[in-house]
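Q: Same order as they appear, the protein sequences are chains A and B.
Those letters in the first sequence? Residues 93 to 744, per this note's numbering, in order.
Those letters in the second sequence? Residues 10 to 290, per this note's numbering, in order.
Please note: incorrect hints may appear among the correct ones.
Unchecked claim - Derived DSS-like pairs: lysine-lysine, alpha-carbon spacing no greater than 25 angstroms straight-line:
id, chain 1, residue 1, chain 2, residue 2
1, A, 216, A, 627
2, B, 260, A, 435
3, A, 443, B, 46
4, B, 135, B, 83
As the list claims (entries may be wrong) - A partial selection of chain B residues facing chain A, derived with a Cβ cut-off under 10 angstroms:
id, residue
5, 47
6, 48
7, 73
8, 85
9, 267
10, 269
11, 273
12, 274
13, 283
14, 286
15, 289
As the list claims (entries may be wrong) - Quick partial rundown of chain B residues pointing at chain A, CB under 7 angstroms, derived from the structure:
id, residue
16, 81
17, 84
18, 95
19, 165
20, 233
21, 236
22, 237
Since the hints were made in silico from the structure, they are not lab data.
Beta carbons are placed, not taken as given, at the ideal position from N, Cα and C, and that holds for glycine.
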Amino acid sequence: MSEPRRVIVVGGGLAGLAASARLAEQGLAVDLFSLVPVKRSHSVCAQGGINACNEVARQQGFSEWMHMDETLYGGDFLADQPPVYEMTHWAPKIIDLLDRMGVPFNRTHEGFRDLRLFGGSLFKRTHFAGATTGQQLLYALDEQVRRAEAGGAVTKYEHWEFLRPILAEVDGATRCVGIVAQDLRTMQVRSFRASAVVIATGGCGLIFGKSTNSVSCTGAAAARCYLAGAWYANGEMIQVHPTAIPGADKCRLMSESARGEGGRVWVPKTKGDTRHPSQIPPAERWYFLEERYPKYGNLVPRDIASREIFDVCVNMGMGIGGENMVYLDLTHKPREELDLKLKGILEIYEKFAGEDPRDVPMKIFPAMHYTMGGLWTTFTPEERAADPVMDRDSGRQRVTGMALGATNTMQTNIPGLYALGEVNFAYHGATRLGANALLSCIFDGLFAGVGIANSARDEAPDPASLAADVFDAPAKQEQDRAEALRARARAGAPDPEVNPYLIAQELGREMTDASTVVKTGERLEQALGKIRELKDRCARATLADASMWTNQNLAFTRGLSDMLRLAEVILAGGIERKESRGSHYRLDYPDRDDANFWKTTIAEYDADADAPRISYRDVIAPMVEPRARTYGKTQSAPEAVRQPETPAPAAS
Amino acid sequence: MPNATSQNGTVEDPAAPGVGRTRTVRFRVKRCDGPGKPSRWESFDVRVAQGEGANILACLQRIAANPVTAEGAKTTPVVWDAGCLEEVCGACTMVVNGRARQACSALIDTLAPNDGDEITLEPMSKFPVVRDLHVDRSRMFHTLKRLKAWAPIDGLYALGPGPREQPARQQERYAYSTCMTCGCCLEACPQFRLEPQPGRWDTAFVGANAIGQTLLFNEHAIAGELAPDRLDEMLAPGGVSDCGNAQNCVKVCPKEIPLTDAIAAIGRAATIHGLKRFFAR
Ligand SMILES: Cc1cc2nc3c(=O)[nH]c(=O)nc-3n(C[C@H](O)[C@H](O)[C@H](O)COP(=O)(O)OP(=O)(O)OC[C@H]3O[C@@H](n4cnc5c(N)ncnc54)[C@H](O)[C@@H]3O)c2cc1C
Ligand code: SF4
Ligand code: SF4
Ligand code: FES
């Protein structure tokens with residue numbers, strides 16, 4: 093028997109692990125690359141849960157079709173619909189599979205899987221394992237990949253960094269045939285050949301400085317694909333989570349499950365009330381989400397909650413003690429119940445804020461959380477008859493999903509280069525519903541893995557047949573890039589002008605200020621100017637470490653340069669999208685404009701200008717027509733606030 | 010127009026409003042340039058504000074931006090390992106003031122409340138140092154492979170739901186399933202020793218976390234099929250009987266995993282398994 097074809101998977105979060113397990117099952121050899129041991133990937137951070145229709149919800153009127161509809165509505169209709177159809181219809185099967193792998197899902201008295209309520213839905217459709225669902229799911233997939241590793245099908249390259257895809261002309265077309273990567277311990281740079289390359293490197297939170305993401309979520313890997321010619325779609329769509337605990341190094345998430353389990357958001361009705369929260373009687377508290385959104389209450393989607401909290405704090409100056417913070421209150425719930433369902437996240441608060449949220453309401457504020465935009469990916473649509481059970485609410489005869497096994501499934505515009513999980517732009521449109529990301533990552537790996545296997549086996553050229561120079565030249569370029577950085581190194585603190593850590597801080601501050609909850613064209617343009625300045629400074633950045641062993645200083649500075657390019661994509665997309673949709677809220681264009689912008693933003697790298705070129709593609713929407721996304725809002729303000737005063741400057 | 014200064018309302022520089030007085034904290038860091046290189050101590054002074062929520066990693070970031078020792082000598086940024094920053098990935102484990110713990114959840118306001126207070130940072134001693142505070146814990150992942158720490162499912166296709174499970178059992182498994190392979194329990198264990206040679210990993214003591222994982226998988230309906238293989242490993246040299254019952258592990262586990270319960274249960278199961286194996290011969 094001939095050697096199996098090799099596939100490279102970059103990233104060992106949920107998406108990369110699910111893909112690796114699937115590819116191994118399909119008989120391919122997998123080379124799995126990750127900055128951190130895969131079991132420590134960012135996916136461990138997910139707390140709340142994973143969505144899927146289930147029998148209880150079905151009997152209460154829910155269905156796979158409605159899960160799809162909620163996802164599209166939540167995403168303000170920006171997502172291509174067939175992938176969302178397929179994902180939501182696979183969801184129950186994925187939960188079953190995870191269950192067989194041994195995920196300790198919370199159980200009902202009788203031993204069935206328990207469910208909780210999550211944002212953007214009126215049905216309980218979220219499965220969870222304590223308050224560490226992401227950790228539990230990641231471990232389950234990690235175990236399956238370890239099993240494949242023990243069987244010889246998977247080879248891990250942990251503490252390795254992906255530096256760029258290798259492209260080659262094959263039969264007159266450009267294809268991805270491998271990658272250049274660096275061992276972050278020995279600092280060895282080398283090329284790897286493959287029949288297909290899968291990018292599953294997660295989101296780009298670090299571009300915003302402090303976010304809820306892990307330190308490896310720099311976006312640099314996605315930026316490197318973009319710089320090599322891959323399209324980056326909907327970059328401006330960044331989700332800001334309404335409830336994070338502000339901190340010095342990161343903003344720790346307070347999961348939406350705190351609201352799902354009955355958490356109430358409020359501020360004192362009297363501006364600047366300095367009383368301890370327990371001293372403020374219920375009648376003197378303003379539960380602004382419940383008042384403004386009687387139907388969804390505290391469980392409105394994230395962008396809306398973030399904007400309302402921002403409005404209450406920044407525009408109305410009603411934040412706690414005049415600061416940018418509101419209360420998230422669980423103190424009315426019994427301690428035992430809280431411990432049973434939310435222990436993990438309550439401990440996080442206790443640990444990092446030093447107060448017990450079972451006794452004292454938590455203080456929270458919005459923070460950058462999720463990257464809806466990402467590498468553009470395609471698929472093969474498949475029309476079929478509507479399912480009488482899953483699609484009973486659709487009122488349709490025919491539906492459109494994705495063809496399983498199609499070799500272009502989740503392929504970027506570069507053949508042979510695929511993107512899975514948070515790093516692609518699929519599924520979540522202009523904002524993501526809570527507990528849909530874990531689903532999309534695992535679905536991507538399992539579903540697209542079949543097509544990728546087909547492509548690697550049947551379509552791709554044998555990488556061994558390609559000339560050595562195809563691989564050596566890009567490796568040499570990366571080697572030179574690293575050497576150039578090292579050549580500028582000298583011990584001690586660099587001048588602030590060229591200090592990579594300070595440039596990164598400035599990048600984070602600028603992006604958070606200009607391009608998160610509320611944006612304007614003017615402010616975004618200003619930020620773009622700032623990024624150009626930072627790019628120039630970064631090109632001259634000075635290292636403090638010239639070592640050829642575990643040089644984190646070098647990796648950081650190289651990543652920063654690529655992050656700056658992705659920041660430009662995010663800003664340029666935001667400037668061009670002159671409307672408000674989902675997470676993208678333009679004060680100067682407050683309404684959704686379907687006529688002009690019901691479109692996917694595409695950013696393509698223009699190497700001569702070292703800047704993105706923006707264009708648009710139609711959204712693929714064969715099933716659901718866009719409708720207004722209001723979540724049943726009413727006008728409401730507390731009597732105490734007669735006239736909103738002059739906008740309060742936010743704390744800096 | 011709401012101007013959008015600081016939309017995440019976080020505090021970066023100690024001069025920001027809402028933050029208390031600043032103080033200088035002295036970090037003593039045990040450094041090492043790489044395997045086989047000698048160790049040395051370096052001190053750094055870092056400004057920290059009361060109430061800004063700074064942890065050890067935030068201070069290491071400040072040192073990276075300004076790698077100058079307390080004596081004014083220019084040096085290189087300290088190398089450390091980190092991931093989640095919220096004590097769930099296990100990456101940032103190091104020895105803080107003599108005790109292994111996660112640096113991301115080590116708050117400066119608690120550890121060094123006063124001006125001039127000192128914090129000592131060292132790499133864990135039971136794992137080979139890669140550089141400075143960054144150690145190589147491959148051995149822990151290797152052990153998981155050896156223990157077949159997985160459920161041998163039939164494949165990834167849809168085959169219906171998994172086994173039903175009583176909530177009490179789920180709760181028990183869940184506790185062990187929060188183990189983040191951090192190594193604190195191994196650092197604290199008198200029986201677990203540094204073993205740089207991978208060839209000796211399979212005969213040296215496996216340590217508490219591995220015994221906890223054995224229980225986790227043996228308790229699951231599908232993963233439990235491989236229980237005999239895991240118990241074989243627990244009976245082999247370096248298995249559960251090497252535990253001296255010092256109970257240090259359970260005291261330092263940041264996830265409060267009932268490791269000594271697992272040690273007792275697996276000890277019993279291994280004994281019974283050994284007897285069965287003996288009589289089946
Ligand atoms: C605090 C928090 C809570 C969340 N809670 C939920 C929830 O309850 N429900 C839900 O559905 N979603 C939740 N999410 C979102 C969800 O966790 C993520 O979207 C998802 O885990 C992303 O998985 P991934 O596989 O795409 O990437 P990740 O898990 O981010 O993994 C990325 C991988 O890529 C590797 N990598 C990155 N760059 C490189 C490079 N250059 N070279 C080599 N390797 C590289 C990393 O090492 C890592 O292995 C949450 C997110 C956060 C931040
Ligand atoms: S009880 Fe056993 S495993 Fe735990 S510290 Fe003591 S010797 Fe080590
Ligand atoms: S058992 Fe506890 S201390 Fe040991 S590795 Fe796991 S989480 Fe860390
Ligand atoms: S960084 Fe993940 S545990 Fe500290």
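Q: Now, for every hint given, state plainly whether the structure supports it.
A: Against the structure, the hints come out as follows:
no.: 1; hint: 216/A to 627/A; verdict: 47 angstroms, violated
no.: 2; hint: 260/B to 435/A; verdict: 20 angstroms, holds
no.: 3; hint: 443/A to 46/B; verdict: 36 angstroms, violated
no.: 4; hint: 135/B to 83/B; verdict: 30 angstroms, violated
no.: 5; hint: 47; verdict: 14 angstroms, violated
no.: 6; hint: 48; verdict: 15 angstroms, violated
no.: 7; hint: 73; verdict: 6 angstroms, holds
no.: 8; hint: 85; verdict: 4 angstroms, holds
no.: 9; hint: 267; verdict: 15 angstroms, violated
no.: 10; hint: 269; verdict: 21 angstroms, violated
no.: 11; hint: 273; verdict: 21 angstroms, violated
no.: 12; hint: 274; verdict: 17 angstroms, violated
no.: 13; hint: 283; verdict: 24 angstroms, violated
no.: 14; hint: 286; verdict: 23 angstroms, violated
no.: 15; hint: 289; verdict: 26 angstroms, violated
no.: 16; hint: 81; verdict: 10 angstroms, violated
no.: 17; hint: 84; verdict: 6 angstroms, holds
no.: 18; hint: 95; verdict: 5 angstroms, holds
no.: 19; hint: 165; verdict: 6 angstroms, holds
no.: 20; hint: 233; verdict: 9 angstroms, violated
no.: 21; hint: 236; verdict: 13 angstroms, violated
no.: 22; hint: 237; verdict: 17 angstroms, violated
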